[in-house]
Amino acid sequence: MKRHMNRTKIICSLGPKIEEPETIVKLIEAGVNAIRISGAHYPLEKLVELVLRVKEIKSDLNIPLAILVDLPGTKLRVKLFEKEEIEVKESQKIIIATEESVEADLWILYKNLHEYLKPGHPVLIDDGRIRLNVVRNVGKKIECEVMIGGSIKNGHGVNIPETDLPGEVPTKQDREIIEACVNYEIDYFCVSFVKSSREIRNMRKFINSFDENTGILAKIETKKALDDLDQICKESDGIIVARGDLAVETSMEELPVIQKKVIEAAAAFGKPAIVATEILKSMMENPYPSRAEVMDVANAILDGADALLLTAETAVGKYPIETVETMRRIIENVENHVSQIKSSLLQRHLQEVHDDLSQAIAKSSFEIAQEIGAKAIITSTASGSTARRVSYYRPNCLILATTPRERTYHQLSIVWGVVPILMPEILDVDLMIPVAVEKAKQLGYVESSDVVVVTAGMPAGVTGTTNLIKAHVVE
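full-length UniProt numbering puts the first residue of the sequence shown at 1, with every later residue one more than the last.
I should point out that these hints are in silico values taken from the structure, not numbers from a laboratory.
Careful: at least some of the hints might be erroneous.
Said to hold, decoys possible - FRET-style restraints, in silico, Cβ to Cβ:
hint	residue 1	residue 2	range
1	Gly120	Ala298	37 to 47 Å
2	Met5	Pro424	20 to 30 Å
3	Glu29	Glu185	20 to 30 Å
4	Glu332	Leu109	16 to 26 Å
5	Asp211	Val102	35 to 45 Å
6	Glu168	Glu22	39 to 49 Å
7	Asp430	Glu371	21 to 31 Å
8	His337	Leu61	28 to 38 Å
9	Thr163	Asn299	44 to 54 Å
10	Gly155	Pro21	40 to 50 Å
Just so it is clear, CB atoms sit at the ideal spot from N, CA and C, and this is done for glycine as well.
Take the sequences, apply the hints, and build the full model.
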């Protein structure tokens, strides 16, 4: 399959309208590099079915494609038992219950939630679109007044700002999803509502008891996560800027600066940063975006995001294929006009002095490639760390990451500028380099007389030993 060559990657979320194999293939053809499946919105059996479906598709197409499974985490959600949706109006009084057995208008199934809420406390639903204020608690019932009305759907997210609700990570539901999916070689689990690096360590310990090669993406959507941001970046394999909850937990006005800070923090640790939520929201109803949304996509790219994540736009929107195509065209246009993301962040990267040999090699490969006008930087990588290190510098040329590991091949699909290439393991470095270059040539990424920069490690096949750099003319 001929695929688009955007450096900034596109992730889409599956939903009822795009679950069929032919639609998933169309999304990939439109420019999707990774697929997210939400554990909060699918029953376990259906979730596993979709994971297997996507795995079969990417195997049939013989392409790198990351599968992300989103864990519900400690995020609160609305539960409706008899209806899928209710309408609430301003000044209306409604009852929230914390247990299924208690009669109410809607339920938030968090044990003893009523003990944490006092009169006047805000309860925000659907990323703050609906606002309730607590009037009083009556046993396990919470009486609220509707301040901003609207439609409340089963599964809508709930935020209670300035309230630190205790919760175990991974949750019981998280553990069930991990146990059901982990044997199918999920590329990444997304951890929702992260509050601390300790939660990431706990999640890592649990996942590693089944599979040590599964990646963890931390969703930054709370104030507490921002307070522990550096350690969360260090402990995770990537970061998602989840702007919906983040705007509610902090403030809408702070969001642009927070987005930049989170992307910079992830970059500082060599981890991919993904921007999510309402990127092309108007395309849920219209076949074209607003001008502000086009600017939002462009600014996320210029901020240095590795990937952009479409959520409701593809999961439940009317125009999922058109949305992906629109995002791809915006990315192409920005990247064509800005050949290198010359941010202050990049300038700081170039001024850094590294005592880590692998990072120094990555920086040198970037500088040599820029100086000689290389067509590509070819990295031989087992874990993907070499390719991520090179991506850190945002080179003008392609980053071709050759790897013998299929999991790495798919996981690198979300890393900026990286084109993963699966090839057999070759332990002789002198043989590996010409074979890797020939593979890149066969795939059409380089041509005869092109100059490439190659990085590798000796001894070959050992993670974290990048210590070789070479300029090579393609024959």
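Do the hints match the structure? See the list:
Taking 37 to 47 Å as the suggested C-beta distance range, the pair Gly120 and Ala298 conforms, at roughly 41 Å. Between Met5 and Pro424 the beta carbon distance is about 25 Å. The supplied range of 20 to 30 Å therefore holds. The given range of 20 to 30 Å is respected by Glu29 and Glu185, whose C-beta atoms sit roughly 24 Å from each other. Between Glu332 and Leu109 the C-beta distance comes to about 45 Å, which lies outside the given range of 16 to 26 Å.
Distance hint for Asp211 and Val102: a CB-CB separation of about 40 Å, consistent with the stated range 35 to 45 Å. Taking 39 to 49 Å as the suggested C-beta distance range, the pair Glu168 and Glu22 conforms, at roughly 41 Å. Our hint of 21 to 31 Å for Asp430 and Glu371 holds, since their Cβ atoms are close to 25 Å apart. The given range of 28 to 38 Å is respected by His337 and Leu61, whose C-beta atoms sit roughly 31 Å from each other.
Between Thr163 and Asn299 the CB atoms are about 32 Å apart, so this pair departs from the stated range of 44 to 54 Å. Between Gly155 and Pro21 the C-beta distance comes to about 25 Å, which lies outside the given range of 40 to 50 Å.
In this structure, the hints that do not hold are numbers 4, 9 and 10, in rising order.
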